[in-house]
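Number of protein chains: 2
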Amino acid sequence: MKPYLFASALLFAISTSLCVAQTGSTAILEDFKPSTLNQPGQEYPQVNSQRYARFRIIAPAADSVRVSLGLGGRGGTKLAKATDGSWMGTTAGPMDEGFHYYNVNIDGGKFNDPGALNFYGSTRWESGIEIPAHDQDFYALKDVPHGNVQLILFPSKSTNTSRRAFVYTPPGYFENPKTRYPVLYLQHGWGEDETAWSNQGRANLIMDNLIAAGKIKPFIIVMTYGMTNDVKMGGLRNFDIKPFQTVLLDELIPYVDKTFRTIAKQEKRAMGGLSMGGMETKTITMNMPEVFSHYALLSGGTYAPADIKDKSKVKLVFLSCGSKERPDGVKNATTALKEAGFNAVSYISEGTAHEFQTWRRSLYQLAPLLFKD
Amino acid sequence: MKPYLFASALLFAISTSLCVAQTGSTAILEDFKPSTLNQPGQEYPQVNSQRYARFRIIAPAADSVRVSLGLGGRGGTKLAKATDGSWMGTTAGPMDEGFHYYNVNIDGGKFNDPGALNFYGSTRWESGIEIPAHDQDFYALKDVPHGNVQLILFPSKSTNTSRRAFVYTPPGYFENPKTRYPVLYLQHGWGEDETAWSNQGRANLIMDNLIAAGKIKPFIIVMTYGMTNDVKMGGLRNFDIKPFQTVLLDELIPYVDKTFRTIAKQEKRAMGGLSMGGMETKTITMNMPEVFSHYALLSGGTYAPADIKDKSKVKLVFLSCGSKERPDGVKNATTALKEAGFNAVSYISEGTAHEFQTWRRSLYQLAPLLFKD
Numbered sequence: 001m002k003p004y005l006f007a008s009a010l011l012f013a014i015s016t017s018l019c020v021a022q023t024g025s026t027a028i029l030e031d032f033k034p035s036t037l038n039q040p041g042q043e044y045p046q047v048n049s050q051r052y053a054r055f056r057i058i059a060p061a062a063d064s065v066r067v068s069l070g071l072g073g074r075g076g077t078k079l080a081k082a083t084d085g086s087w088m089g090t091t092a093g094p095m096d097e098g099f100h101y102y103n104v105n106i107d108g109g110k111f112n113d114p115g116a117l118n119f120y121g122s123t124r125w126e127s128g129i130e131i132p133a134h135d136q137d138f139y140a141l142k143d144v145p146h147g148n149v150q151l152i153l154f155p156s157k158s159t160n161t162s163r164r165a166f167v168y169t170p171p172g173y174f175e176n177p178k179t180r181y182p183v184l185y186l187q188h189g190w191g192e193d194e195t196a197w198s199n200q201g202r203a204n205l206i207m208d209n210l211i212a213a214g215k216i217k218p219f220i221i222v223m224t225y226g227m228t229n230d231v232k233m234g235g236l237r238n239f240d241i242k243p244f245q246t247v248l249l250d251e252l253i254p255y256v257d258k259t260f261r262t263i264a265k266q267e268k269r270a271m272g273g274l275s276m277g278g279m280e281t282k283t284i285t286m287n288m289p290e291v292f293s294h295y296a297l298l299s300g301g302t303y304a305p306a307d308i309k310d311k312s313k314v315k316l317v318f319l320s321c322g323s324k325e326r327p328d329g330v331k332n333a334t335t336a337l338k339e340a341g342f343n344a345v346s347y348i349s350e351g352t353a354h355e356f357q358t359w360r361r362s363l364y365q366l367a368p369l370l371f372k373d
Numbered sequence: 374m375k376p377y378l379f380a381s382a383l384l385f386a387i388s389t390s391l392c393v394a395q396t397g398s399t400a401i402l403e404d405f406k407p408s409t410l411n412q413p414g415q416e417y418p419q420v421n422s423q424r425y426a427r428f429r430i431i432a433p434a435a436d437s438v439r440v441s442l443g444l445g446g447r448g449g450t451k452l453a454k455a456t457d458g459s460w461m462g463t464t465a466g467p468m469d470e471g472f473h474y475y476n477v478n479i480d481g482g483k484f485n486d487p488g489a490l491n492f493y494g495s496t497r498w499e500s501g502i503e504i505p506a507h508d509q510d511f512y513a514l515k516d517v518p519h520g521n522v523q524l525i526l527f528p529s530k531s532t533n534t535s536r537r538a539f540v541y542t543p544p545g546y547f548e549n550p551k552t553r554y555p556v557l558y559l560q561h562g563w564g565e566d567e568t569a570w571s572n573q574g575r576a577n578l579i580m581d582n583l584i585a586a587g588k589i590k591p592f593i594i595v596m597t598y599g600m601t602n603d604v605k606m607g608g609l610r611n612f613d614i615k616p617f618q619t620v621l622l623d624e625l626i627p628y629v630d631k632t633f634r635t636i637a638k639q640e641k642r643a644m645g646g647l648s649m650g651g652m653e654t655k656t657i658t659m660n661m662p663e664v665f666s667h668y669a670l671l672s673g674g675t676y677a678p679a680d681i682k683d684k685s686k687v688k689l690v691f692l693s694c695g696s697k698e699r700p701d702g703v704k705n706a707t708t709a710l711k712e713a714g715f716n717a718v719s720y721i722s723e724g725t726a727h728e729f730q731t732w733r734r735s736l737y738q739l740a741p742l743l744f745k746d
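Those protein sequences? They're chains A and B, same order as listed. Residue numbers for the first sequence follow my numbering, so the first one is 1 and each next one is one higher. Residue numbers for the second sequence follow my numbering, so the first one is 374 and each next one is one higher.
Since the hints were derived computationally from the structure, they do not count as laboratory data. Just so it is clear, CB atoms sit at the ideal spot from N, CA and C, and this is done for glycine as well. Please note that the accuracy of each hint is not assured.
Stated by the list, open to error - When the alpha-carbon atoms are kept at most 20 Å apart in a straight line, the in silico SDA-like pairs for lysine to any residue are as follows:
hint : chain 1 : residue 1 : chain 2 : residue 2
1    : A       : Lys142    : B       : Arg553
2    : B       : Lys515    : A       : Thr161
3    : A       : Lys110    : B       : Ala455
4    : A       : Lys178    : B       : Arg553
5    : A       : Lys78     : B       : Ala434
6    : A       : Lys78     : B       : Tyr628
7    : A       : Lys110    : B       : Glu416
8    : B       : Lys615    : B       : Thr656
Unchecked claim - Below, a sample of chain A positions facing chain B; criterion: calculated Cβ distance under 7 Å:
hint : residue
9    : Ala59
10   : Pro60
11   : Ala62
12   : Ile106
13   : Phe111
14   : Val149
15   : Leu153
16   : Ser158
17   : Ser162
18   : Ile241
19   : Lys242
20   : Pro243
21   : Ile263
22   : Gln266
Use the sequences and the hints to build the structure in full.
Set out below in structure tokens:
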């Protein structure tokens, strides 16, 4: 931790002038704008063109305010009290492009930033901030035909309740009532839920834009909750795939195939997931090779050739991660799969880590490879 | 304000025994359970069988923690510091049945309760708590066929963007691809948005249950954002209906009629709204009598017979409010409409005020009256 960096950042945080000043070796540009994920009308948090984030929290009588986001592992960004009773602070360095979760520690308690929208992660709704990315066009809301994201409640005997899933139906789904579509089952990561791929991942906008550009043939995406057996799970090492596998294969897929105009065949059904969702994808595709034909692990491990018993059943293995994760593992696994005769593709997201920008980009790379014949 | 009530409540809040004790004239039963709107795995806030709410907030170094919910106009419920560093407190009296917004004041700053789910109200995402109601069965999640809630993004030239709406399609919509349905356009109140009727109002579950019980013929509900001209609006007296009327009539309705299997006729199109949404309903139905045939104002004002120029175009006028609002105004207006020859129906929600339990019940009463011929 470099205390002088925090101090310098705070100095500019409470300045209202538009100057450029030195902090260590970096000049912080005073072109901060509200994050696009702020609540309506909220000015903070803000981001500048160098990808620094700036926070402002109102808590006049607090003794200590700290934001979990920032550089360095220890404690994130400490805010300083301004003369108007607000607390302000700027990250000590640039953030990775894309989406980040964070929370605010007020006098020892963990709260959300009242300025920011909330996103489900770490088994709770957390604050979110968006750092503009050089390639943000592919997940932007544009004036193109839009598909729908449908909340469905499907019956689940194994868990004795109606369970929730979201189903992306592509533009044209309603206008072309005889067309049937392939389906990608797409899973979130640990501590997230079935809202993550639409809210944080913008999966629907990525699909809308790819379809409008003629880069993919339309397909359906189904997203449901993958931590079926225990909300906290007590660590992934105790994870039991069976409850989720039962919900997915015996309950959700039959409901989707009955309710939506799918092509209900193994060749036209894919499964993918990020992080823990990749682990689930790997386990379920290995257990049940007759259900899915396209496999995608996004920052979610790799397959060895020996993991896949019947090569003829697999049309695609897609492996990805951020360049700040373990790209060599992904690349080497892909090489080994190719040498064993699999149609394997790897993708490394430059400059990103175990975070949603990696997974947005991965979906954008994956989608054109799916259901090609 | 009765300070002794706060003090008594706090005494029990920090007690862990399951005793029953006197506070003023009320014995607080120690049968508190987590609110059904808590975040996954969260124990607090809690509610007991007498409709008292109890809060627990972790903020060890805070000097003052207060919850906006409670009895008495001034300051809600003040929490007291327990020995474990948490802050606890119980409302000084029972809450109305149903849904309530609230927030937590930590050392002068307004935050959400990390234990509770968030709901959009007052132009921000706020904490929500659910007080079990004697009639909660009609909006419960049951093992019945469920309709979908579809997020749509529709093009809006007048506001130069893609706008969001939610569309409830009833169970059977996909299985019966030739059936066409009437449509209710249903608006939220001031400071809320298009998520309110599903999240707070449970409109989809109310419909699912009514349809499963054979009490109504299925119809579609469309919910969009009604504060088109300004998110904060600067007070309702400056409200201009034109931007919203343009979005609704010239953009949303044509998109819905093109995309969904509606019966695109005035006789099969209703408009309703709560609070500000009632004001919008009244203004738009008066401006454009050729668009809607069924009008519903839920805690949202009344019509005088002279407000409606062509009686032959109106199939139903529904007026409702809570018994703690101004029920005489609703009843008298309904009587006057009936005397003038209108099919007018009033409904008063017993024991509730200007809050969502009134509007859930109103929708439950309204739905069977719509599209009867």
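Quick rundown of the hints versus the structure:
no.: 1; hint: A/Lys142 - B/Arg553; verdict: 30 Å, violated
no.: 2; hint: B/Lys515 - A/Thr161; verdict: 8 Å, holds
no.: 3; hint: A/Lys110 - B/Ala455; verdict: 17 Å, holds
no.: 4; hint: A/Lys178 - B/Arg553; verdict: 17 Å, holds
no.: 5; hint: A/Lys78 - B/Ala434; verdict: 16 Å, holds
no.: 6; hint: A/Lys78 - B/Tyr628; verdict: 48 Å, violated
no.: 7; hint: A/Lys110 - B/Glu416; verdict: 16 Å, holds
no.: 8; hint: B/Lys615 - B/Thr656; verdict: 10 Å, holds
no.: 9; hint: Ala59; verdict: 3 Å, holds
no.: 10; hint: Pro60; verdict: 4 Å, holds
no.: 11; hint: Ala62; verdict: 4 Å, holds
no.: 12; hint: Ile106; verdict: 5 Å, holds
no.: 13; hint: Phe111; verdict: 4 Å, holds
no.: 14; hint: Val149; verdict: 4 Å, holds
no.: 15; hint: Leu153; verdict: 4 Å, holds
no.: 16; hint: Ser158; verdict: 14 Å, violated
no.: 17; hint: Ser162; verdict: 6 Å, holds
no.: 18; hint: Ile241; verdict: 20 Å, violated
no.: 19; hint: Lys242; verdict: 21 Å, violated
no.: 20; hint: Pro243; verdict: 16 Å, violated
no.: 21; hint: Ile263; verdict: 16 Å, violated
no.: 22; hint: Gln266; verdict: 23 Å, violated
Of the numbered hints stated above, those contradicted by the structure are hints 1, 6, 16, 18, 19, 20, 21, 22, listed in ascending order.
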